[in-house]
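Take 1 as the starting number for the sequence shown in my numbering and just add one per residue.
No lab work stands behind these hints, which were simulated from the structure alone. Incorrect hints may have been included.
[Stated by the list, open to error] List of simulated lysine to aspartate or glutamate pairs, EDC-like, C-alpha gap at most 16 Å:
| id | residue 1 | residue 2 |
| --- | --- | --- |
| 1 | K265 | D289 |
| 2 | K354 | D326 |
| 3 | K470 | E448 |
| 4 | K328 | E309 |
| 5 | K294 | E374 |
| 6 | K359 | E309 |
| 7 | K108 | E138 |
| 8 | K108 | E169 |
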Amino acid sequence: MNSNNNFTFIDLFAGIGGFRMALNSIGGECLNFSEINKDAINTYCTNFNEGFEYNLGDITKIKDLPAHDLLTGGVPCQSWSIAGRNLGFDDDRGQLWNDTIYLLNKSKPKAFVFENVKGLVDPRNKEALTYILQRIKEAGYFANYYLINSFDYGVPQNRLRIYIIGFREEEYSLKFSLPKPIQNKIRLGNILTDFVASPVKSNENFEKDLFGEVIKPRNMSLSNSNGFNDYFLFNDLRNGHSTIHSWDILDTTDRQKEICYLLLKNRRKSAYGNLDGNPLSYKHFKDLDQTIGKVELDDLVSLEILKKEGYSFLINEYDKNEISEDEKRILECNINTVLFVDYLKTNRDLKLKKISISKTLKTLQEKNIITPEEIRYDFKNTKISTGLYGINRIFLPTSNIFPTLVASDTNDYITTKEINANSELEYREKFLKEIYKTQEFRRITKKEACLIQGFPEDYLLPENRARWMKLIGNSVSVPVIEKLGKAIVETGVFDIQKEIEIYQSAVNSSF
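Could you put together the complete structure from these sequences and hints?
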């Protein structure tokens, strides 16, 4: 290695080569990589023209690493415990974070950078993160962690990740600073393969307040332009100018829409229960609107917009030998021989024991141990992340960013059609007419997924969508690693000329 800041690195949990692509571009030389997924190994070796013999394989079986300057790894976000906290490094093997730190401690590179999901910084994982940082310190490193969004460093993706960066010598740790976010950020429309942006419409025709300012609705979007959200959310539990409900899609009357909005407006009120969203009984509906008939609610059930569900249950006589342990715990949570769903769902002990309330109530009903006392109405689609009819969100090309790519395909779509409108109502109606009903939307392509992660659009991946989505979703964002790598290099930690000068000075002083 010479004095022009070239460096060597080992690529742990290599995946498809996000770390390698980034570090190669700034003068890094990869000595070996470690990966166990066959698809990832084949993709890595194909794209880097690398021999399989350079794969060190399962990290839990690696005993030694060749001498290197930088150790990298996107440590998998496995369930993590801190067992063995008071044991030596040789006794920590078998958990991937411990295995990683074990190799760090043994090989002693000049610096390292590890990536993990943002959940590691959540309060519930505070003990785990503290432990990881302590073990890194015990290995002889000065380290800090940083929460970084890939969007800030050159990809149109909302991807928050934690990066732990450390140096063997404190002086380089003190010199290190995060690169500044780039100014001219890449937008979603920049990477869509079949989209050409049209001129931006002026604000002059948009609704304005008394001071002449464009009226902007509350922003529920990842981005917005001209006061409008840049994606449409398919959801029955939220409301906004770019939310599409099931009653917007299905053939419903104005009266049916009114009833749906009545439930939407009131279901989160504490008067109807202790849940974040509570179903309402027919009596509740009547109290809100005396003209509502039960048949109107049942018609919405027939349309599969609403559903009926038991909210409280009377406990009948039963043989204690007939019930399971979970059923027993549920029955013990009665209030005057009545089970209330909101109480069960907010019961801490039941949550800790991971007892399924709905499944257990169903089996108790099938055994005739409980009988529904109060029936309520709720929306049929109550899982926000699922969306409606296979669609969660549809992003317009004007959006700043696309959601985090994950290993499993999501229900997020894109459209290459832009919408210009003068009001929220017109904006929504145009979307339904010109995009949704004409099916002018699609999933992202393989090329676009590569670009969203910062890979070249022609990066070689398997043809099967599920396979390439898993690989690209598990990867790191290449531009982020490139920027962090440059910042590490700029500390001078890999400057061999300086090391030679220090060594010569030490030798001279000894004479």
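Results of checking the hints against the structure:
1. Between K265 and D289 the CA atoms are separated by roughly 13 Å; this keeps the pair inside 16 Å, and the hint holds.
2. Between K354 and D326, the direct Cα distance comes to roughly 9 Å. Compliance with the 16 Å bound is thereby established for this hinted pair.
3. About 15 Å separates the Cα atoms of K470 and E448, which keeps this hinted pair within 16 Å; it holds.
4. This hinted pair does not check out: K328 and E309 have alpha carbons roughly 22 Å apart, beyond 16 Å.
5. Our distance criterion of 16 Å between C-alpha atoms is met by K294 and E374, whose separation comes to about 14 Å.
6. Between K359 and E309, the direct Cα distance comes to roughly 13 Å. Compliance with the 16 Å bound is thereby established for this hinted pair.
7. Between the alpha carbons of K108 and E138 the distance comes to roughly 12 Å, so the proposed pair stays at or under 16 Å and holds.
8. Proximity of K108 to E169 is assessed by CA-CA distance (about 11 Å); at most 16 Å being required, the pair is judged to hold.
Checked against the numbered hints above, the structure breaks only hint 4 and satisfies the rest.
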